[in-house]
Each structure stands twice: as structure tokens, then as C-alpha cells.
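*Asks:* Based on the sequences and whatever the hints tell you, model everything.
Listed below, chain by chain, are the residues.
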Amino acid sequence: MEKSELKQILQALVFVADEPLTLNQLREVFPDEDVALLKDSMEEMIREFNEFHKGMEIREIASGYRISTRPEHHEWVRRYLKTKPSAKLSLAALETLAVIAYKQPVTFPEILEIRGIKSSTAVKTLLDKKLIETRGRKKVVGRPILYGTSTDFLVHFGLKDLAELPTLEEFEELLHAETGSVSEITPRGFNGDEQDSAEPK
Amino acid sequence: MEEQGPAAPMESGTAFQDETAEETPEVLKVKLDIFEGPLDLLLHLIRKEEIDIYDIPIARITERYLEYLQMMQDLNINVAGEWLVMASTLILIKSRMLLPPDPEAPGTPEEEDPRMPLVQQLLEHQKFKNAAQMLYERETIELAVWENPKTEFREEEEELISATVFDLIKSFHAVVQRFQDKIVLEVEHDTVTLEQKLLELRSLLALQPTLYFSSFFERKISKLHLIVTFLALLEMVRLREILVYQDRIHSDIKIVKVA
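From first to last, the protein sequence lines stand for chains V and Z.
So the first sequence is numbered by my numbering: it starts at 1 and just counts up by one.
So the second sequence is numbered by my numbering: it starts at 1 and just counts up by one.
Just so you know, these hints were derived from the structure itself, not from any lab.
All C-beta atoms in this analysis are idealised placements derived from N, C-alpha and C, irrespective of residue type, glycine included.
Please note that a few of the clues may not be correct.
As the list claims (entries may be wrong) - Cut-off 30 Å, straight-line C-alpha distance, at most; resulting in silico cross-link-like pairs (DSSO-like, lysine-lysine): (1) V:Lys124 x V:Lys84; (2) V:Lys84 x Z:Lys254; (3) V:Lys88 x Z:Lys257; (4) Z:Lys170 x Z:Lys257; (5) Z:Lys94 x V:Lys118; (6) V:Lys118 x Z:Lys129; (7) Z:Lys257 x V:Lys129.
Claimed, not checked - Simulated coverage check for chain Z against chain V, where a stretch passes if three residues somewhere in it have a Cβ under 8 Å from a Cβ of chain V: (8) 35 to 44; (9) 113 to 127; (10) 137 to 147.
Unchecked claim - With beta-carbon atoms standing in for the labels, derived distance ranges: (11) Z:Ser88 x V:Ser120: 19 to 25 Å; (12) Z:Ala206 x V:Ser120: 17 to 23 Å; (13) V:Glu19 x Z:Ile249: 30 to 36 Å; (14) Z:Ser88 x V:Gln25: 55 to 61 Å; (15) Z:Ser88 x V:Tyr80: 56 to 62 Å; (16) Z:Lys170 x V:Glu43: 56 to 62 Å; (17) Z:Val165 x V:Gln25: 47 to 53 Å; (18) V:Pro109 x Z:Gln133: 20 to 26 Å; (19) Z:Gln133 x V:Gly55: 25 to 31 Å; (20) Z:Ile249 x V:Ala12: 36 to 42 Å; (21) Z:Glu137 x V:Gln25: 27 to 33 Å; (22) Z:Gln208 x V:Glu57: 43 to 49 Å; (23) V:Pro71 x Z:Asp52: 37 to 43 Å.
*Replies:* Encoded structure:
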């Protein structure tokens with residue numbers, strides 16, 4: 001198939017897709033096409049589309065492709081739809097979610113350790129909203145449940161994958177910039193073992 | 001009490017007390033700042049007192065922290081366990097700072113600063129607060145974006161309309177009407193009390209969090225049962241144990257257990 005034709009079809013598929021359109025789904029639609037060509041055509045189509053269409057955009061979300069309106073026009077869209085902004089997550093839920101996103105898979109006691117406060121309500125909210133999911137049990141005493149983020153988490157926060165999250169170290173630098181003088185002093189152990197597990201998967 | 005952790009007055013303890021004492025002794029004017037937990041309060045104190053986080057004057061911070069705890073208790077705010085654990089941690093660190101290093105203790109000659117574990121915990125906590133802020137910003141942007149509307153409609157099917165007592169009565173009336181047409185043979189005299197019915201409904205709801213109003217009246221039951229069931233439902237609404245909803249006006253009433 002000609003690449004130009006392929007790009008037009010891909011655009012149509014992204015438009016009708018209910019959820020981010022994945023490469024695997026494209027492989028089913030185009031069994032005879034090369035995956036590299038599909039990916040390449042998709043990326044080229046997105047570049048062209050986003051350059052010419054300023055009301056809509058196609059983005060990579062949760063390892064798929066999704067078309068949406070652009071946030072800058074939200075007031076007009078809301079005025080037409082007659083909707084109010086949806087309820088946002090509470091600060092407690094966001095903090096708990098941040099801990100889970102960066103430390104996953106993580107247990108309840110580990111979340112408690114970082115937040116210094118019980119988080120059962122927040123964890124329940126996040127499970128109800130399907131932003132997190134259970135990941136089996138940790139093989140330690142008590143076999144606590146492990147939690148991790150879900151695909152809905154990526155969609156909710158407009159992330160391509162977990163690697164798109166800024167690293168925890170970047171927040172550390174932010175912290176140093178805030179408090180000023182402390183950047184040259186590194187406390188023992190702080191940049192040591194923790195670092196690897198702090199990276200999102 | 002967990003997530004909505006105790007709140008603490010934003011002004012420092014003494015200033016707050018003086019102000020209220022001078023101006024309006026009987027009316028308490030309290031400016032509240034919500035602290036998620038003890039770590040939040042400590043970070044706030046460190047920022048407010050402009051303290052270097054790596055060199056915390058532990059005696060001063062402990063004092064401030066205890067003042068806040070006292071104020072929370074004065075305001076009848078439930079001070080949960082973790083706040084007291086932090087208070088004891090601070091006092092432990094304070095006493096360790098006073099002790100000279102044990103000359104006979106084995107291990108490194110360079111004594112670990114007793115404040116360090118707390119400092120690390122605070123820094124770690126601050127990082128996640130910043131990460132939460134990042135998530136908040138991303139969420140704000142994503143909530144201002146619409147995808148293919150088909151997806152959105154599918155999500156909104158569960159919209160509920162709050163049912164009034166009149167809707168309940170109307171539904172009940174419809175049920176009674178239906179039963180009047182049926183010939184019910186009452187053989188034995190059975191009695192049911194409101195208490196029994198309440199217990200029965202509660203155990204039903206424990207098994208199944210959502211029930212339909214009409215489902216109670218599907219079986220052939222006596223008028224007494226009908227009425228007692230209805231009264232029990234009203235009572236449970238009054239006690240806020242259940243919520244009653246309709247998907248649409250005139251549709252079957254949903255009975256949802258209050259979490």
C-alpha cells in the first residue's frame with residue numbers, strides 16, 4: 001500500500017478508536033504490512049496532522065495513539081457541552097498515587113512509611129477509580145498486597161508510558177533549588193541504594 | 001480518622017492565643033491550615049522558621065511541634081496515633097543529641113547524627129509532594145481535553161437522580177395496588193417487628209450493596225410485611241444508612257448502602 005494512502009487510513013482509525021490505538025491493533029488490521037512501516041507512517045501522519053490542525057491533536061498515550069481536543073480551547077468546549085470541570089483527585093490521593101507510581105510495586109506499609117500517615121482511604125479511592133491495581137503479594141511476613149499503576153493511570157495523566165514521568169531525582173533538585181544552600185551537601189545513604197528502585201519502570 | 005488528618009492553626013501558638021484573648025474572648029477565630037500528617041507539619045515548621053533541613057535545631061522544632069499538638073487537642077481535633085509517634089521520635093532524637101557519644105560503642109568512630117533518619121524521611125516526603133504537584137498539573141490539563149465523544153457517553157450511563165420520599169411512597173403505592181389485584185391467602189397470623197425487618201435489610205445490604213425497591217415486593221407477602229419493609233426503609237434513610245436513587249424519573253428505585 002502506498003504510504004500516503006496508509007497515512008489517511010491510520011488517521012481514520014485513530015479517529016474512530018475508543019481507546020488509544022495500539023500497534024498490535026494496527027497489525028491485525030494490516031496483516032500484510034511491515035510493522036516498521038506502520039509505525040513510521042503513523043508518526044509521519046501525526047507530525048503532519050498536529051502541524052496543520054490546531055484545534056485537535058494526536059498524541060501517544062498509554063502506548064497507543066489518541067486524538068483529542070487541545071486543552072487551550074477547554075472553555076469553549078465546556079460552554080458547548082454545558083459541563084463543569086470534573087472532580088479532581090484529592091491531595092491525599094495524589095500524594096499516595098505519586099508514591100505508588102514511583103515505588104511500584106509497593107505495599108501498604110511502604111506507602112505509610114513515606115507518607116507518615118495511613119493511606120487506606122486514598123488507596124481505596126485509587127482502586128475504585130482504577131488508577132492503581134494489585135500486583136500480587138510481597139513474599140515477606142504477612143504477605144502484604146503489592147500495588148502498581150494501571151493503564152487508566154497513563155490515560156488519566158496523559159502519559160505515553162511510565163518512563164515519561166520525570167525522575168524522582170528531578171524533584172530532589174527542585175527541592176534544593178527551593179531551600180537554596182543545601183545542594184552541595186549530600187546526606188549519607190540518600191543517593192545510594194534508593195535510587196534504583198525510585199526509577200519508574 | 002486518616003486522610004483528613006488533624007488540622008492545625010496557621011498562626012503560631014502564642015500569637016493566636018493573645019489575639020483571641022484581647023479581642024473576643026468568647027469567640028474563637030481560628031485560621032485553619034490542613035496538614036496531611038506529621039511530616040507535613042514538620043516541613044511547614046521548617047519552612048516557616050527558615051531552618052536548614054540538614055541542621056534542624058531539634059529542641060526548637062520539638063517545642064513547636066508539641067505546641068501544635070496541644071492546640072489541636074484544645075480545638076478538640078482528634079489527634080491520631082501517628083502524630084504522637086512523631087512527637088516521641090522528636091523527643092528521642094532530642095535526648096540522643098544531649099548524650100555524649102558512647103566511647104565503648106563498637107562501629108564507626110564517626111557517630112551518625114541522630115537527626116539523619118528523620119531528615120531523610122522529610123526529604124523523601126517532600127519529593128513525593130512535588131511529584132503529587134506534577135500529577136495535579138497533568139490532571140488539570142487532561143481534564144481540559146476531550147477525546148472521541150463516543151467513549152464519554154458510554155461512561156456516563158450511571159447518572160443517578162436523587163429520589164424523594166414522595167417517589168418512595170408512589171412506588172410503594174404501586175406495589176400495594178398490584179397486590180390488591182392478587183388474592184392472598186393469609187393462613188397463619190405472623191408478626192414482624194420493625195427491628196426484625198431492619199436486621200433483615202441490613203444483612204441483605206451487607207451481601208449486596210445495591211438493591212431494587214421492587215425486588216422486596218416480588219414475593220407474595222402479607223400487607224403487614226409490606227408496610228414494615230417500607231417503614232424500615234424510611235428509617236434507614238433517616239439514619240443515613242442507605243441512599244435511594246433513580247436512574248430516570250419514574251424508574252425503579254435503587255437502594256444503595258452508604259459506605
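*Asks:* That 56 to 62 Å hint for Lys170 of chain Z and Glu43 of chain V (C-beta), does it hold up?
*Replies:* holds (59 Å)
*Asks:* Next pair to validate is Lys118 of chain V with Lys129 of chain Z; report whether the Cα-Cα distance is within 30 Å.
*Replies:* Given that 30 Å is the threshold and the Cα spacing comes to 16 Å, the pair holds.
*Asks:* Does the structure keep Lys170 of chain Z and Lys257 of chain Z at a Cα separation of 30 Å or less?
*Replies:* holds (21 Å)
*Asks:* Can you confirm whether the C-alpha distance between Lys124 of chain V and Lys84 of chain V stays at or below 30 Å?
*Replies:* holds (25 Å)
*Asks:* That 56 to 62 Å hint for Ser88 of chain Z and Tyr80 of chain V (C-beta), does it hold up?
*Replies:* Since the Cβ atoms of Ser88 of chain Z and Tyr80 of chain V sit about 57 Å apart, the hinted range of 56 to 62 Å holds.
*Asks:* Using the Cβ atoms, figure out if Ile249 of chain Z sits within 36 to 42 Å of Ala12 of chain V.
*Replies:* holds (40 Å)
*Asks:* Given a hinted range of 37 to 43 Å, is it respected by the beta-carbon distance of Pro71 of chain V and Asp52 of chain Z?
*Replies:* holds (39 Å)
*Asks:* With the threshold set at 30 Å, check whether the alpha-carbon distance from Lys84 of chain V to Lys254 of chain Z stays at or below it.
*Replies:* This hinted pair holds, its Cα atoms lying about 26 Å apart.
*Asks:* Are 3 or more residues of the segment 137 to 147 of chain Z near chain V, judged by a Cβ distance of less than 8 Å?
*Replies:* holds (count 10)
*Asks:* Compare the distance between the alpha carbons of Lys94 of chain Z and Lys118 of chain V with 30 Å, and conclude whether the hinted pair is satisfied.
*Replies:* holds (25 Å)
*Asks:* Has the hinted range 25 to 31 Å been met by the Cβ atoms of Gln133 of chain Z and Gly55 of chain V?
*Replies:* Holds - the Cβ-Cβ distance for Gln133 of chain Z and Gly55 of chain V, about 29 Å, lies within 25 to 31 Å.
*Asks:* Per the hint of 17 to 23 Å, is the separation of the Cβ atoms of Ala206 of chain Z and Ser120 of chain V within bounds?
*Replies:* Since the Cβ atoms of Ala206 of chain Z and Ser120 of chain V sit about 20 Å apart, the hinted range of 17 to 23 Å holds.
Violated hints: none; the structure is consistent with every hint.
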